[in-house]
Structures are given as C-alpha cells and as structure tokens.
Amino acid sequence: MTMGNDTQPSYLEYQGKHKGLAGWLLSTDHKRIGLLYLYAIIVFFFVAAFLGLLMRIELIAPGKTIMEPQTYNGLFTIHGIIMIFVIVIPGMAAVFGNFFLPIMIGARDVAFPKLNLFSWYLYITGALLGVLSQFIGNGPPDTGWTFYVPYSVESDTSVIWALTAAFILGFSSILTGLNFIVTIHRLRAPGMKWMRMPLFPWAIYATAWTQVLATPIIGITLLMVIAERVLNIGFFDPALGGDPLLYQHLFWIYSHPAVYIMILPAMGVVTEIFPTFSQKPVFGYTAIMISSLAIALVGYFVWGHHMFTAGMSYYARWFFSFLTFIVAIPSAIKVFNWISTMYGGSIDLKPPLLYAIAFIFLFMIGGFTGLVLGSLATNVQTHDTAFVVAHFHYIIFGGMGFAFFAGIHYWYPKMFGKMYNNRVANIAWGFNFIGFNLLYFPHFILGIQGMPRRSYDYLPQFHTGHFISTIGAFILIAGMLLMLFNFIRAGRRGIKAPANPWHGVTLEWKIPSPPPHENFEEIPEITSKPYFFGSSDKTKQ
Amino acid sequence: MTENHTHTEHIDSETGKLGMWIFLFTELFLFGGLFLVYAIFRAKYSADFHHGAAELNAFIGAINTVFLLISSMTVAGALTAMQKGDRRMTMLLLTVTLMLAALFLLNKYFEWSHKFEYHIWPGSPVLKNMPQGELLFFGLYYMMTGLHALHVIVGMVLLSINLVKVKAGTVNAGRYVILENSALYWHLVDLIWIFLFPLLYLIT
Amino acid sequence: MKDEKQHISSYASLTVVLVILLTLTTISVLVTGIHLGPVTVAVALVIASVKVAIVITQFMHLRFENLFLKLAVSGVFTLFALVILITFIDYFFR
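Protein chains in written order, with the numbering used here: chain H, 141 to 681; chain E, 866 to 1069; chain D, 232 to 325.
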C-alpha cells in the first residue's frame, strides 16, 4: 500500500504563492527549509574543510610552509567557528530533522512553519556574520572557537563580530529545538503513541531539549564577553576581581551539551539505517530510546571535564570525571544495540550501511579515547595536545560527519527522487574512510608524544606524523569531492527513485519519492510499533 | 481532513502555549547564567555585595516590585476578560498594564541616572576605585536590570500589539493565543524581577 | 479551544493572589530591617521562591495545565538548581 499518489506534484515542483527562487526563500514547507539548510551547510562545509586543508599543508613540514603564524591562528579559529556553530551543531537536526521528523511522525509540517523559516534566516545571518568577521576590523579573530578569556577580551581582532555571529546562530538553534519539541508533542499521527515513534524522532526530541535548555547559557556568556570588551565590566578579569575560570564554566555548561546536540541526531540516523539494511526490527527499542534521553540528561552535568588542568577544586574534578564515565554507558548501550540489530539479519551492504558501520568504528575509537581524556590522571598528560584534536575529530567528524554521510546516502532517493551510482559511492566511501584515519589517527600518537594543539610549528621529531596526516587530508578531500560529484550527477542524470528503494518500513518510505507538498494525502493511522518487517513488506514497492 | 493542522490553518491554543512555555524556559536559562555569576561572586565577596546593595534605594526597588506585581495581575485579568468576551475590559486592563510597565521603566530611568550622577557606570573610574566586590556588584546590577528592562520593553511592544488586535477584533473570545502567550511572557518579566529585587536591593 | 477546556480565573481570585503577593513583598522588605545575618539571604530567597511559585501556578495557570507541563517546569528549575550546585562543588572546595 502506498499512501499518496504520483499525480500529486512533489514538493520540488509544487507551485505555491511564490514562484521560482522566492518559492524557496519564502517557503514554509519543512522539506524546502531542510534543503535550504543542506545547501548552506554544503557550501560552508567545503569552505571550512578547505581552510582545514590549508592548515594541514602548513603543517606538512616544520617551520613556515605557506603562511604566517597569525594567519594560522585566524584559520584554526574560523575553521572551528564554522565547523562547530554553522555545521555540526545545526547540521543533522536542521537538515534531516526538518525534512524527516514531520514525515516520520505522520505530520504535514512542523508546528510553527513560519518560525522554522525565520530560524533559517537567523542561521544564515549568523553564518554570514561569522564569515564577515574575517574581513572587517583588525583582521580575523584569533582566539580559537572557544573564545577563552582573558585573550578573547584582549585580542584586538574582530572578536565581537564572531561572538555576535555565535549568539545569533545559538538563537536559531533554540528556535529550531523549540519547534521540534512542540511538533513531536502535538502533531504525531493518530495512534502514534510515544512508544510507537521511530527512534530518529526520539533522538531529535532528546536533542531538542538540550538545544533549548543549554543554548541560552552560551548566549548570555557571549553577551558577557561583549560587555567585558565594550564596558570593562570585570566579570572575567582577575585585575578587577573577576574570575576567568568562571567563563570556562559558563562556556562548557553549554558547549559540552552541544557535543550531544551534535551526536544524538547522528545516533538517531544510524539507528534508522541498521534495521532497514538488516531487514530486521531494531534490537532494544526501549534501551535505545532511554539511552538517548539519558545521554541528554547526564551530558548536561559533565562540562567540567574540559577544565581538569585549569585549576578546579579536587572534588569538582573527581565529580566531573566520575560522571564522564557514567555518560559513556548509554553510548555503549547504543553500540551494542546497533550491532545486535545486524546480528542474524539479511544484511545488504549498500553505501548507507557502509557509512553507518564506519560510524560505529570511528565513534568507538573516539569514545574510548574520550575515556582516556575523561580520567584525571591521563588527562593531565594529554590535555591540550594533538590527542584531544584526534579525539574530537573522531567523535565529531568520524561520528557526526560519517553519520551525516550515511544519512544523506540513505535519504537522498527520498529527498530528490533520484538514485545515485552505488559504485562511485562505495569508492568515495573508501577514500573517505582511509583518508580520515590517515588524517587523524597520527594525532593520537603525536599527542601522547607531546605535540600541543593549535600550534603553528613543531619539533622535527613530529614530522612523520604530520606528514602522514597531511597526505590523509588530501585523500579525504578527494573522497568528499567524489561523493559530492556523485550526488550532483545523480541529481541531473540519475534514474528515478522508487518510493521505497531500500525496503524501509518507517513512514517516509510509504509516500512517493520525492514527497508531495504536504507529505500525506491522508494522515496515516498508526497501529503498531515501528520497525516491523513483516513478510508482506517486500511487496510494498 | 484529519485534525492535524496544515499551513493554512491557525495554530491552536495548546500548541502555541507549549511553544511559549518552552521559550520561557530558554529565557530562564538566559537570566540563569547571570544568576550563576551573581551566586559565585556573592559567595566570594559577601561584604562588598552587602555594601553595594546598601547603596541602592530599596524603596524604589519595592515600588517597582509593586508595579510589576499589579501589572501581572492586570494582564491575567485581561485574559480573563477576553475569555469572558468582555472586549472593553480587556482593553482597559491591557492599557493599565502598559501604564504600569511605563512607570516601572520611568522609575528605572531615574534610578540609573541617579547612579550616573555619582559617576557609577560600568568601567567608570569611580567604580574602578571601589572594592572589587562592589565593582562586580554594580556590573551585575547594570547587566541584570538592563537585560530585564529590555524584556520589559519587548513585553510592552507585545502587549501594545495585542491592544491593537483586540481593538481590531482579530484577537477575540474565539481566538486569543497571542494574548495568552503575551501574558505568559509578561509574567516571566515579573518573575525575573521577583528574584532580582531581593538579590540586588534587599540582601544588605 | 478545539478540544481542551479553558480554565477562566475569576477577577476575585486574581485579586486575592495579588494581595498575597504584595503581603509577601512587604514581609520580605521588613525582614531585611531586622539584621539576621546570613539568615536574611535565606529568608529573602525563600519568600521570592514562594512568590514565583504563586505567579507560575496562579497567574500563569500552571495548575490547570497538563501533567507534562508541570513536570517540565519543575524539571527546568531543578536542572538550574543542579547547575548552580555543581558549579559550587568547584568554588566551595577550591
């Protein structure tokens, strides 16, 4: 049974009140807004990745290679700001959440469609302001994306613009989260009880709460830094009685939960992929759902593990280290569940599954090294070294990034109604996987040997590691360009995608590809739990 | 058609209210960051905070508290009136609320300019020669009351929009989500002040 | 409006709530006059919390809302209290 029919125009062809470009820029359709985010993110991602490549080229040999130290400081700052605030924090939720959350819960749109569009405009304003900060005032900010005081107060580069950009992006993220919570509460299809909701919406739900409850803290913190710069207010200035460590507390009260804002939707995406490509119900539905909520909750109280060497009290360090180990448990539960989902299933090793499996592998390396950083004694050795750089790139890029790639391969046929070339996708996957590991794995070793992060120059003994890493960067960029090329070509010349190319069972596969304007001709009645792969499922196509 | 809303339908009351509540949560955490800073510095410099608070005029603070409490009641009353379909009463109570809000801001203006006469503003030389705790106290005072005043202004704009809409009849006994949500927002403004008042003026 | 029944607070009950709030404010101001030392802070904060609770439940109609919203509001305040508490684990023992 396929709901909706093919005679209805798809959301891509739909002609509303506005036509052409305005039909996109003024559309309140959640699917079009999702694509607006997608296109913006692709552009910013390749810009920031290119900046990262420039940094890697600089580091291919000791001493000056292609740029001045100050340029390098500016590069790692804007690389971090774009990657964190413009891409990974909004990324998953804004693209896939917008596009698929309403469809997967059987709704025609999000609860507040106009607010949704407004969020995108805030997002694009913030992102452009971040880029603008590179070209105005006294040159690009050089504080790193963390804006640590006292340097962020003293630096005479255009830090204020970058702070304002991050503030606006945060506001956009709050509104998106708010929208999703209300959507999930109010717009589930009849019969879709909470425990009948697919796990991607559950992950988005947990994420959205974190977005709503953590982001305001960074908002006020950034305002305080601006006040510190403009009004000399003294909160973070020891000379005036303030406390720089207080800034770090406030910053990480948001920025640690932000890591979960990044990774939870990623976990949600792969949770959708494993059952589909194993043709088997997800293993431990309740465990995965509870672990999402547990990660969001406990993740709120571990911020201090970024500050172990900063001079916190002993008890605080002990407390944060302990909770950091606790938060590893729900993540591990998920890993076991994904693997158990595949166990005994009829596995179809298509590109989405390849990326999802790579996600588990990379996420586990990132997670285990996270425990190295989370325990007090080893943290002292590895703090602020390349080891940290490796760890968070494994989590953020290896985890969130590869899950994004998995998701886009999984849902591309649904979003654009075209099939991409599997062979090219597999080759690109190989490049990405090998390139990624070559690029970041050496940093673990370099870090243990004592290579500091954010450093423009290094001792000759670190040369080999840096050299391998730069080679990896080139391979990774090549792989990602190939992947992008594959999608662009599919968009132009790909064969038409059927409604359900992967034999999925969640609601998005029961409507045409690409979906019609308001998703469902008739809102479906939900009568059972998700992920039921009955014998009749194969006939659905 | 099912009950689910589409683009063309209006957002129903429950949905709008839930959205507003969640937005208020974010506002609480926005001020929460400042309350956290306050708590830390207050614990560190309690004697200086004591002196700083003593320099604020508790009477003005108390009067402003009364203004906001009454305005919170009148806006709740405006909602009651709307639910009962009493348009004139709604408009009357909204106007009273707006006037009380204006009085609050006027008071705040006099309070601030009084401080400015003594050359106390963030980063002023006089302030920098004070004990560190007092400097931080006044920094917090300006930031907290300033951010709060900004919220008062936003609230006034929202209530004025409601006044116009009630007059035009677009907000009516059958559809008053905006009024309901603006009232919620206004209560939040009151709520923040309920904490600010003892923390800044009373703890001497 | 569609399905949920709206609760209407009467003017009388709103006035009673206002009188209680104003009384609490007066008490709060008066208590500061008596110098109780550190207890003053506690008393002022407790009274403020009571006032906030009254505004939320009465003026903001939380007592007529569904269980989820009640839980969410209490959860948010608890979360914030925990954040302050945990930050003090650092400052208190430093």
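It is possible that part of the hints are untrue.
What the hints assert, rightly or not - Listed below are the simulated DSBU-like cross-link pairs for lysine-lysine, each with C-alpha atoms no more than 35 angstroms apart in a straight line:
no.	chain 1	residue 1	chain 2	residue 2
1	H	K157	H	K420
2	H	K204	D	K301
3	H	K558	H	K636
4	D	K301	E	K1030
5	E	K1030	H	K157
6	E	K1030	H	K159
7	E	K1030	H	K254
8	H	K159	H	K204
9	H	K558	H	K204
10	H	K254	H	K157
11	H	K650	H	K490
12	H	K157	E	K1032
13	H	K669	H	K650
14	E	K909	H	K254
Unchecked claim - To give a feel for the contact side, a few chain E residues facing chain D, derived at Cβ under 10 angstroms:
no.	residue
15	R952
16	M956
17	A967
18	L968
19	I1018
20	A1048
21	Y1066
As the list claims (entries may be wrong) - Here are the computed distance ranges between Cβ atoms for each label pair:
no.	chain 1	residue 1	chain 2	residue 2	range
22	H	T265	E	I1026	47 to 55 angstroms
23	D	T254	E	M964	36 to 44 angstroms
24	E	M964	H	T265	34 to 42 angstroms
25	E	Y974	D	T254	38 to 46 angstroms
26	E	V1022	D	L253	24 to 32 angstroms
27	H	M504	D	L302	31 to 39 angstroms
None of these hints come from the bench; they were simulated from the model. Backbone N, C-alpha and C define an ideal beta-carbon position, used for all residues, glycine too.
35 angstroms Cα cutoff - pair E:K909, H:K254: Roughly 46 angstroms separates the two Cα atoms, so the pair is violated.
CB-CB spacing for H:T265 and E:M964 relative to the 34 to 42 angstroms hint: Hint holds: Cβ distance 35 angstroms, inside 34 to 42 angstroms.
Status of the given 47 to 55 angstroms range, CB of E:I1026 versus CB of H:T265: violated, 23 angstroms
Given pair status - E:K1032, H:K157, alpha carbons within 35 angstroms: holds, 30 angstroms
Restraint check for H:K558 with H:K204, where alpha carbons must lie at most 35 angstroms apart: Violated, at about 47 angstroms.
Range hint compliance [Cβ, E:V1022 to D:L253, 24 to 32 angstroms]: Taking Cβ atoms as reference, E:V1022 and D:L253 lie about 27 angstroms apart, which means the hint holds.
Agreement of H:K204 and D:K301 with the hint, judged by alpha carbon distance not exceeding 35 angstroms: violated, 60 angstroms
Interface hint status, E:M956 versus chain D (Cβ within 10 angstroms): violated, 16 angstroms
Pairwise hint evaluation, H:K636 against H:K558, where the allowed Cα distance is 35 angstroms at most: holds, 5 angstroms
Given hint E:R952 near chain D, where the shortest CB pair must fall under 10 angstroms: violated, 15 angstroms
Supplied distance hint 36 to 44 angstroms, evaluated on CB atoms of D:T254 and E:M964: violated, 24 angstroms
35 angstroms Cα cutoff - pair H:K254, H:K157: holds, 14 angstroms
Consistency note: the structure conflicts with the earlier hints numbered 1, 2, 8, 9, 14, 15, 16, 17, 18, 19, 22, 23, 25.
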